[in-house]
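Take the sequence shown: its letter number 34 is residue 34 in full-length UniProt numbering, and every next letter is one higher.
Simulated from the structure, these hints should not be mistaken for lab results. Note that the structure is a prediction, hence the values are computed from the model and not measured. Take the hints with a grain of salt, since some may be wrong.
In the DSSO-like style, the derived pairs of lysine-lysine whose C-alpha atoms are separated by at most 27 Å in a straight line are [as the list claims (entries may be wrong)]:
(1) Lys2 to Lys23
(2) Lys23 to Lys158
(3) Lys158 to Lys85
(4) Lys6 to Lys54
(5) Lys6 to Lys23
(6) Lys54 to Lys179
Derived CB-CB ranges, DEER-like [said to hold, decoys possible]:
(7) Asp148 to Lys23: 14 to 22 Å
(8) Glu108 to Lys85: 30 to 38 Å
(9) Asp9 to Phe176: 35 to 43 Å
(10) Glu108 to Glu48: 49 to 57 Å
(11) Pro75 to Asp35: 17 to 25 Å
(12) Leu111 to Glu154: 46 to 54 Å
(13) Glu98 to Asp35: 20 to 28 Å
(14) Asn89 to Gly18: 18 to 26 Å
We put the beta carbon where it would ideally sit given N, CA and C, even for glycine.
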Amino acid sequence: MKVYTKTGDTGTTALFGGTRVPKHHIRIESYGTVDELNSHIGLIRDQEINVLYKNILIEVQDRLFTVGAILATPPEKEVLKNGQKRLQNLGILETDIEFLETEIDTMENSLPPMTHFVLPGGHTTVSYCHIARCVCRRAERLAVHLNDIEPTDELVIKYLNRLSDYLFVLARKLSFDLKADEVQWIPRK
């Protein structure tokens, strides 16, 4: 199979099921941003961090491929002509969200309480986490926008929301582990 197909040369692309849409379509923006997020998470995983976090991030990347597939499938193409689901054995489950919540709680139990907003930075790896968190929030906003136009799996939106929380806490935990400066924003009086 060749990498280039030339079918997108006119500014359109195919969704799962074959429907062609402009490359600026909200569905493309939505799963394209999830793809961008996945790349940023790969960058975090490539850093010198605890293997536990690397393994969690691999699981997250796997789930993001599923999120991308769900977002790339328009509602009218979710079921094949033979009645079977197009994305068999693919989906985001409540347990995927609970997994992130458990990891967030575990990290927070070892961190000092947060009293102010945290400014991104302090260490390159921490900054990568904050960038990924921002991209995750954008992916969430786009998925919500898509859901306003066409129904979207509510667990996808919930997963993206929880993942951004996870990335924020991971940034704080890595700041702590790496003994990086965590600068808290204190408003002027």
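Hint check:
1. Lys2 to Lys23: holds (20 Å)
2. Lys23 to Lys158: holds (25 Å)
3. Lys158 to Lys85: holds (22 Å)
4. Lys6 to Lys54: violated (36 Å)
5. Lys6 to Lys23: Holds, at about 14 Å.
6. Lys54 to Lys179: holds (19 Å)
7. Asp148 to Lys23: 14 to 22 Å: Given a distance of about 20 Å, which is inside 14 to 22 Å, the answer is holds.
8. Glu108 to Lys85: 30 to 38 Å: Given about 37 Å between the Cβ atoms, the range holds.
9. Asp9 to Phe176: 35 to 43 Å: violated (49 Å)
10. Glu108 to Glu48: 49 to 57 Å: violated (23 Å)
11. Pro75 to Asp35: 17 to 25 Å: With Cβ atoms ~21 Å apart, the hint holds.
12. Leu111 to Glu154: 46 to 54 Å: violated (30 Å)
13. Glu98 to Asp35: 20 to 28 Å: Given about 25 Å between the Cβ atoms, the range holds.
14. Asn89 to Gly18: 18 to 26 Å: Roughly 21 Å apart at Cβ, these two residues keep to the hinted range, so it holds.
In this structure, the earlier hints numbered 4, 9, 10 and 12 are contradicted, and the remaining ones agree with it.
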